[in-house]
Every structure is written in structure tokens, then in C-alpha cells.
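Residue numbers (my numbering), protein chains in the order written: chain D, 216 to 401; chain P, 24 to 194.
Everything labelled a hint here was simulated from the structure, so no lab data went into it. Owing to the predicted nature of the structure, the values given are computational and were not obtained by experimental measurement. By construction, the Cβ of each residue, glycine as well, lies at the ideal position given by its N, Cα and C atoms. Treat the hints with care, since some could be wrong.
Label pairs and their calculated CB-CB ranges [stated by the list, open to error]:
id, chain 1, residue 1, chain 2, residue 2, range
1, P, 141, D, 328, 21 to 31 Å
2, D, 301, P, 149, 17 to 27 Å
3, D, 338, P, 86, 24 to 34 Å
4, D, 280, P, 149, 18 to 28 Å
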Amino acid sequence: MFIDKEGNVRKPVVYLADFEMFLPTCDETVKYWKQTCEKYGLIGLFPGEGDPVEPGENFWQRVFNHDFNHMLHCDMCIAQLDDWRGHEPDSGTLWELGWFVAKDMPSYGFYGGPDTMLERKIERIEDDGIFYDKEGYGIEDRGFAFDNILSLVKIGKDFEEACRLARADFDRQLIEAGYEPYKVSE
Amino acid sequence: MEKKKIYLSGPDRLRKNARDLFKEKKQLCEKYGFELLEYPDELFDLKGDPKDSLPLAEKRLELLKHCDIMIADTRDFRSYVEPYSECALELGMAYALGKKLYSYMPDTRICDDRYSGEKHLNENGRLVDKDGISFEPGPLNLMLEYSSCIVEGDMETALRKVCEDLQKGEA
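Looking at chain D on its own, in the form it has when it is part of the complex (with noise of 0.2 Å):
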């Protein structure tokens, strides 16, 4: 349950950002993700839900259409912001988090590897008490595992965190309202 923009208290459509349809686990995860959701009184909803695109002409653009048209249909993101060929996260899924950051909507993800840039398992050197990786780009030393503009976002171990972090928001959101929190159910 959250109060969203018209004042009407309900559960919450989650956007799963996520690299997973790329993976052979693809259903196994999204159908815990979405149990956990519900578990939180969360609605998740996966990109590759609904209709699927036909193939044929303008068939990615169609792709494109088809994911946005999901994220229109979100009051809100969780985003797996786990490495994805390579140090980063997946772009794809960056760009939709991005979207719902912008939006001023609730955004969170979820990450499981080192808690700072620097202890990730970057090839360096140093120079003057900073560490640069191969191609000359520095490693930043901010106590945060990801690039700064990632603040912004609440980013929970695991996906499940991820959830409770959502659900203590809009807990303190109806509590504030005078309504009671959510009751997880176990």
C-alpha cells in the first residue's frame, strides 16, 4: 500500500529494471521477485510481461515502445544494479532507474558486490594517492560503490531489501496520513 499523486491509497506498481530476460534463470527470478513483492504489498511488473513484440519491421523500436509503455504504467522503479559485462551496472536498466529518478518517482536498487568503488576489482595504478584503471579513468573514492549520481537512488543487498526499503517509505507515508503500515506478511 502507498498514497500515490491522486491521494488514493493502494499498492504500488513496481517496474523491474533488470537484466535478467539476457539469462537462462530469467523465470525462476522474476517469479520470486514478484512473490517478494507481493509479500511487501508491492505489484511488480517485468518488462517482458503482456503482448510480446511481433517480429518485423521496426521490430526494436517496438521493443522500445513496448518496455516504456510498461514504465508508464509504474508509480514506481527497483532496479538490479548488479555488474553486467563488466564494472558497471546494465545500461539499459540505468536508463529506465534514470527515468523514474527524474520523475520524482519512489527509485531503489539493489546490488550485492563491494560497498565502494575502489575495493571493486578494478585493474590499476596509482598516481599521487588516487588510482586510475588501465585506460587512464580514475577509480572515485567516495565510500560508494558506484558512480556519484547513484545517490540519488536507495540501494538495498539484495532485492528483498530493496523491497523493504520501499515498504518503510510508504510506511512512514500512510503513518503520517493516519492510516496504519502494512502489515508484511510472512
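Given chain D's structure and the hints, the job is docking chain P onto it.
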């Protein structure tokens, strides 16, 4: 006429000579009649107190809100076919804010052509990398590809494209 404001996103701010590189890009923008919005100076520092992280990110979001056009340097970054995370997140933010988006890359071949590692066809006939992961269909993830105009080249190439689009009334 007021100059159009450009917000630049990209990994060059992590270079040792980042401030000089930024100055050069600012001059380049001026040459083409644009104003490059200046980052908060502390963003060039590669060290910072965690408690300053959120206020700095908020300043960056405010800056992004003030631009007309965003240009992102989406070269591969610490990965074989993925851009710098800042660029991806900020392109999504800028799209939400209704900005016109441009990306430049030194190589715009599609991801599987750019990937120099081992690749093979999986049981479904899809080309996959050594970990069995399939590739994006274009030079970038489709959310980035279909929301921004991608040019092959550098910042100046992107600026020329912006000028061209402005003349056509498309930027």
C-alpha cells in the same frame, strides 16, 4: 538569441586532466554557439566524503534540468560493450525531462561486432558471448539507442549534428 545550454555526460571527468578537457569542450561548444553547463567543481575531485555524495548528486540533477540538450560520451567503459553508468542513468533522466539527447562513440558498430572475445551460436541460434549472454541488437542498449541520436566520432561530431538538426528544426 540566448545560447542553447548543453549538459555533458561522460567518463572524461575521471581523467587526471579532467578540468582541462572540460575547458576544451566548453570552448568547442562556444565555437558552435552553445553554452556548456559547468559541473560543480567538486565533481572533478576523485575523492569525497560519503556524506557529501547526495548533495552533489542533487546539484547534478538540478544542472541537468537546466539544459536544453544533453550530449553523452557513450564509449565502452570498464566493459566490452557497455557505456559509463553515469551516461546511461543521465540519458534516462534527461529523456524523462524532455531534453533532446545525443550520444557519441568512437565506434558505432553493433555490440557483437565490437566484441572481440569468444562468441558462438547457442541452441536457439542466437549469437552469445563466452558467458552465454546474447548481445544488444545495436551499438548500445535499445533504451539508449532509441532515445538518443548516436553519432560516430567525438564531441565535435555530436555538436555538428546538433547544429544540423537545429537548422532543420529537429533539435
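Hints versus structure:
1. Checked against the hint of 21 to 31 Å, the pair residue 141 (chain P) and residue 328 (chain D) passes, with Cβ atoms roughly 24 Å apart.
2. A beta carbon spacing of about 21 Å between residue 301 (chain D) and residue 149 (chain P) agrees with the range 17 to 27 Å that was offered as a hint.
3. A beta carbon spacing of about 32 Å between residue 338 (chain D) and residue 86 (chain P) agrees with the range 24 to 34 Å that was offered as a hint.
4. Here the CB-CB span from residue 280 (chain D) to residue 149 (chain P) is close to 22 Å, well matched to the stated 18 to 28 Å.
In this structure, none of the earlier numbered hints is contradicted; all agree with it.
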